[in-house]
Each structure stands twice: as structure tokens, then as C-alpha cells.
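2 protein chains.
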Amino acid sequence: MSVAAASPVIILVRPQMAENIGMAARAMANFGLAELRLVAPRDGWPPADTGPKGMTQAAAGATGVLDAISVHDRLEEAVGDLHYLFATTARERGQAKPVHLPEEGMALAAGRLAAGQRVGILFGPERTGLENDEIAIADSVLTFPVDPAFSSLNLAQAVLLVSYEWTRARGGATAPFALPADSAPAKRETVLSFFALLDVELERAGFFQGARAPVMKRNFRNIIHKMEPTEQDIRTLRGAVQALIRGGRGRPGGATKAPSRSGEEG
Amino acid sequence: MSVAAASPVIILVRPQMAENIGMAARAMANFGLAELRLVAPRDGWPPADTGPKGMTQAAAGATGVLDAISVHDRLEEAVGDLHYLFATTARERGQAKPVHLPEEGMALAAGRLAAGQRVGILFGPERTGLENDEIAIADSVLTFPVDPAFSSLNLAQAVLLVSYEWTRARGGATAPFALPADSAPAKRETVLSFFALLDVELERAGFFQGARAPVMKRNFRNIIHKMEPTEQDIRTLRGAVQALIRGGRGRPGGATKAPSRSGEEG
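Heads up: the protein sequence lines correspond to chains A and B, in order. Taking our numbering, the leading residue of the first sequence gets 1, the next gets one more, and so forth. Taking our numbering, the leading residue of the second sequence gets 1001, the next gets one more, and so forth.
If you're looking for bench data, these hints aren't it; they were derived computationally from the structure. Since the model is a prediction, treat every value here as computed from it, not as a measurement. Cβ atoms here follow ideal geometry from the backbone N, Cα and C, with glycine treated the same way. What you were told as hints is all true, and nothing was included just to trick you.
Output of the computed footprint for chain A on chain B, the stretches with three or more beta carbons under 8 angstroms from beta carbons of chain A:
hint, stretch
1, 1023-1037
2, 1050-1060
3, 1086-1095
4, 1098-1107
5, 1141-1147
6, 1154-1161
7, 1170-1176
Computed list of lysine-lysine pairs in DSSO-like fashion (alpha-carbon distance at most 30 angstroms, straight line):
hint, chain 1, residue 1, chain 2, residue 2
8, A, Lys187, B, Lys1097
9, A, Lys226, A, Lys187
10, A, Lys97, B, Lys1226
11, B, Lys1187, B, Lys1217
12, A, Lys217, B, Lys1097
13, B, Lys1187, A, Lys97
14, A, Lys217, A, Lys187
15, B, Lys1226, B, Lys1187
16, A, Lys97, B, Lys1217
17, B, Lys1053, A, Lys53
18, A, Lys226, B, Lys1097
Label-pair distances were calculated between CB atoms; the ranges are:
hint, chain 1, residue 1, chain 2, residue 2, range
19, A, Ala243, B, Asn1132, 22 to 28 angstroms
20, B, Ser1070, A, Phe220, 34 to 40 angstroms
21, A, Arg127, B, Ala1096, 45 to 51 angstroms
22, B, Arg1127, A, Gly239, 34 to 40 angstroms
23, A, Ala115, B, Arg1127, 40 to 46 angstroms
24, B, Gly1064, A, Glu92, 23 to 29 angstroms
25, A, Arg246, B, Thr1063, 56 to 62 angstroms
Go ahead and model the full structure; you've got the sequences and the hints to work with.
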């Protein structure tokens, strides 16, 4: 089964704005969905598609999704080959159907898709949402955990949230990158050697005062450990400490001892 | 602490398009975020804000967020009062920082906000994203589990995903409605009484044939139970069965017995 066949089908019912069709296609491509169907787009098909609010510009290069769009006169035609249908709604519609949030709904979709079923998700027109008779042919309702005081979610934003949760449900939610590989913590001997340098140099500079000296040394150790330093971090800090000492030697009252081994700033 | 103070601050650095500022404000309002800061918006401030791609139209009524926008010349000014900063990036930037997906990052944010810290999230310009020096002042990197083959996420879409995960992290991800309250399953006596009607009427109509009759009766029971019927569902089905019987009586070869008690379609 191809990736496309194993992903949910997004069905925009009577979409009004070409820009939203393009933005929905872009959101789908961001999260690996491939199949977009339109039912009776308000401005006909193909769209005029010019200017900054045109479909193609809004799709920002999601041409794979755009090229595969199918357009249908009636909702029944657009869903005939599907086994399970969600209807998205922003508010209670008084229909006796299970109600799912996107995470739960897409987990359910992933199970059905894995079993070889085809799953579709219906989105209504921008202004009005799906009609009750359109919701009635769906198996369940999908809704969004929006602030009740401002629940008007843009059509493409709704498609994005469903697409994002689909990627999470299929186990595809991994960061495209991680901490650089050379970010392992410094070996403890590196850190301890740096503490030894600090102790000697700060002692020489008169930083540690009397009875508080042991506490101050522990504080210094804790400050450094909080940053979980890498080998490179310690090399950088060691170099900075030695540079400060060298810089101080040139000033009135500065130390006059020979410079330590220079830092290995990489 | 007010709701606003306890939510993350969204900071758009050098945003290019007024429409995206408006769409970001709308996405924030959808999920209960209140504080939007702008650093050096490309087209100045206030925006020309006319036409279909204006900020106000794109905000679709999120005036609370728009009215509270603060505008800053420099990033440092915009983040001075915050304790923890995320930098959003779409790709590896070679910086030795922890990398979080939105869910994990917003869980971390929720913990810090609950402890009284203020948290900000930096978003870069549409075309280029944040500069490396801007990322360097953040505590960690936030990225999105996009398809590597099409990773260009719209600015307002990125704000939406973070806002959505913030709502989930703060425990606010509840559906605005559920199944209607009268959707409790039918009492078993209601269902059994319906099965008794079906058995009698289908027997009388010659539907149950010979040795397969017990299997067919069990199948019928299982079909009905799969729909987890409510009291109303059973009343509707009972009414439909009785209507079919009445309708049949008027046809050639139809039954001639007296009508059963009529269905209680509500």
C-alpha cells in the first residue's frame, strides 16, 4: 500500500476561498498527507488562481497535493470508496455520534488504516461549517479543543491540526534534527581539571575569602554542573579564564606570573 | 496571576506579512494565548492593514490579542522580562541546545509557568527564519515533526501548533461538547423486547429458514448490538419495522393481520 493510500483523505466540502484550498494542501504536505478532494468549490474549478490569495501561491510548493486534487459535484461521490468518515465541527450539532479530539481521532484513524480501511475527514465551508445532513453520513465527529470564547478556527488551520495529529498517531512525530552529536557531556576528569585550575587561580587572585571559601568553591562547582558542559564548553571556559589572567597582567596591579597553558578553543 | 501572565508570550521577529501577524493572533486566541510581541516588523507599525491580506481581516475578530500587541526595535528589548526562551527553527542550526517537539516543549513551558516564570517563544521571519545570533539567546530549540521532503511551515501555522500544544499541556484540551446527554445505551429490556418483536414478525414473514434460523437470529442480535442503540434508536427501529408491516398489508400477497402497537417515534 502506498503512503498516499495509507493516509487519511481530506475532503473540503463547498470550500469558499482558493487561498484556503492552497493553505490546506501546504499543511497536508507538511505532515505527509497526499489526497485532497473537493466537493463543489464555490468559485468553480479550476480556480482563477491569480494574485496573492490564489491557491497555487498559498500552497507554497505543495504541488504534489495540488496535482492530485479530485473535484466532485456531490459529497456522496467524493466518499464512496471510503470505509470510515469523520465530520469536523466546531460546535455541538445535536447528533448522536461519538465525539473525538484530533489526537484520539487520528489514533483511531491509524488503527483503521493499518487494517487496510480507507479513512476520510470532512471539513465544511468557511462560513457555515458542514450541514447536518452531511454530518449524518459520518461515523463520528472530530472537534478541536478551542477556547469557547474564540472558537472560529480557520479552515486550513483545522486541516493542519488534523494532519499534525495524524503524523503523531502514525509514529512519525520525530524532530528533524537533534542536539549535535558532539554534545555529549564532558568526561568528569575534564571538569575536575577545570575546577582545579579555578581553585588555584581564584585563590591566587584573592577571590576566596576566609571561612566561606569551601562554600564558594562548592557553589562554583554547582554553577558549572548546572550547564551540563561538553568537552568543548570546558575548553571554551578554560580559555576564557586564562585570557582574563593574561589580560590582567598588563594592567596596574595585575599579576606578573607566567601565562598558563593557553586554552584550546576549538 | 492573570491568564495572560500564565501563558507563553509569542514573539515574531521581523515578520514580513501583515496577514501572518493577523493569522497568528487568531491562532493564539483560538487556544487562549494573549500576549503577542513584534520585533521590527518589515512594513513598519501600525501596518497599512487594508485589503484582504490585511492584519485585521486575517485576525478574524481576535481583537484582544491585536490590541495587546507590543512592538520593539530590538529582540533584546522584547524578551527582557522573560525567564525562559524557546527559539523555533525548521532545520538543524548547529547550536548546542536541547531540541524539543511542540508537545514536549509546551509541557516544559507549563511547568515553568506554574512555577511563576515567564516563558517566550521566538519565531523568525517567513523567508529566512531566526538568525543564529537570535537562536543563541534562547534556552532551547523548538521544532516541528514535518515531512523532511516539505518542511516549509507557514509562520501562523507554526504559531498555531505551539498554541494548540500549549492548550494540551495546561490540561485545557477538552472537547467543547460531547455526545448528547440522552445518548445513554438503551436498557437491556428495551433491546430484548425489540428482538422479541423481530423474531415474531420475521418468523411470520417467512424470513427465518429451517436449520439456519437460530444462527440468523443471533446474527440479527449482533447487528443491533454493534450500533450500541439508545432508547430512542430502538423506538425508531421498532417504528420502522411496524411501518413496513403496515405498508406490506396493502400490497398483493401482503399480510392481513391487525397492525401491532404503533412505533413511538419521538
